[in-house]
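Dock chain B against the given chain A, drawing on the hints supplied.
Number of protein chains: 2
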Amino acid sequence: MTFKLDNRLNNDCFKLAETEKSLWLLLNNSHFPWFIIVPKTEVEELYLLPLELQAELQKQSSLMSEFVTSHFQCDKLNVAAIGNIVKQMHLHIIARTETDPCWPGVVWGTEFKKEYEKNKVLEIQTKLKQFCQHKIITDIEFAPLQ
Amino acid sequence: MTFKLDNRLNNDCFKLAETEKSLWLLLNNSHFPWFIIVPKTEVEELYLLPLELQAELQKQSSLMSEFVTSHFQCDKLNVAAIGNIVKQMHLHIIARTETDPCWPGVVWGTEFKKEYEKNKVLEIQTKLKQFCQHKIITDIEFAPLQ
Chain A
1 MTFKLDNRLN
11 NDCFKLAETE
21 KSLWLLLNNS
31 HFPWFIIVPK
41 TEVEELYLLP
51 LELQAELQKQ
61 SSLMSEFVTS
71 HFQCDKLNVA
81 AIGNIVKQMH
91 LHIIARTETD
101 PCWPGVVWGT
111 EFKKEYEKNK
121 VLEIQTKLKQ
131 FCQHKIITDI
141 EFAPLQ
Chain B
147 MTFKLDNRLN
157 NDCFKLAETE
167 KSLWLLLNNS
177 HFPWFIIVPK
187 TEVEELYLLP
197 LELQAELQKQ
207 SSLMSEFVTS
217 HFQCDKLNVA
227 AIGNIVKQMH
237 LHIIARTETD
247 PCWPGVVWGT
257 EFKKEYEKNK
267 VLEIQTKLKQ
277 FCQHKIITDI
287 EFAPLQ
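Chains A and B are the protein sequences, given in the same order.
Just so you know, we're using the numbering used here here: the first sequence kicks off at 1 and counts up by one.
Just so you know, we're using the numbering used here here: the second sequence kicks off at 147 and counts up by one.
Just chain A, with the same shape it has in the complex (with noise of 0.2 Å):
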């Protein structure tokens, strides 16, 4: 299957790191540590996902998830699949704290942006590489940042 991620996706996050299965994406944005998985299918809900890559994203949620909680401040994650714009699958895993600017409401469509500086993004890279490293999770590939 030729995967293509998606235009808005694509410029709007860093692509961190490849699986067989998807794209693990942070979202340009310094105010929240926002990270994307794109799930490489063409299906648009998760409910239509065949069961084993269903059970694939939930594995890579919880494992994102806990490189999340566990390197950045984190009141409560926010896991979510919305996709009302960007019709191309992916899964929201965002760290708020009580602290971030939109709090206690959601992030989607804030109008709170911050750029990230390159070298902090190429910091979160290699935490997340160290990360896998340590869970000896070896099938995947991190992206050079461009």
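Bear in mind the hints are in silico, worked out from the structure with no lab data behind them.
Everything numeric in this text was worked out from a predicted model, so none of it was measured.
Hints should not be assumed to be uniformly reliable.
When the alpha-carbon atoms are kept at most 20 Å apart in a straight line, the in silico PhoX-like pairs for lysine-lysine are as follows [stated by the list, open to error]:
1) A:118 - A:15
2) A:76 - B:233
3) B:161 - A:40
For chain B alone, kept in the frame of chain A given last:
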């Protein structure tokens, strides 16, 4: 385990049904077909649930998604675990349409609120009951509406 539904969920929702592992609620806002699954757990984050409960929740979420898309107009499902305000774990499953008052924004925090008429809630519960019968799902109890 004694499980008690969070007061806010209890006040804002109709309890439609109960399974061994969860409650199924309908938010009392007729602008959106907005269902909520509450797993019977004290854990607040999905990734901290025991794996078999994660799988069970995924299964129930898919079932509810199928019900929602087959019985309501739906251009996109929104599926999310947020919990910034109500910490008790709960999963939103919402049918969104391009003509609903929040589209394409998200519905959390919306000022568009409209209570259901009771017969409409009964009608929705009856549809859910028939759907479960059709799916030969028997380990579920439908609650008397209050």
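Do the hints match the structure? See the list:
| no. | hint | verdict |
| --- | --- | --- |
| 1 | A:118 - A:15 | holds, 13 Å |
| 2 | A:76 - B:233 | holds, 8 Å |
| 3 | B:161 - A:40 | violated, 36 Å |
Hint compliance for this structure: hint 3 is the single one not met.
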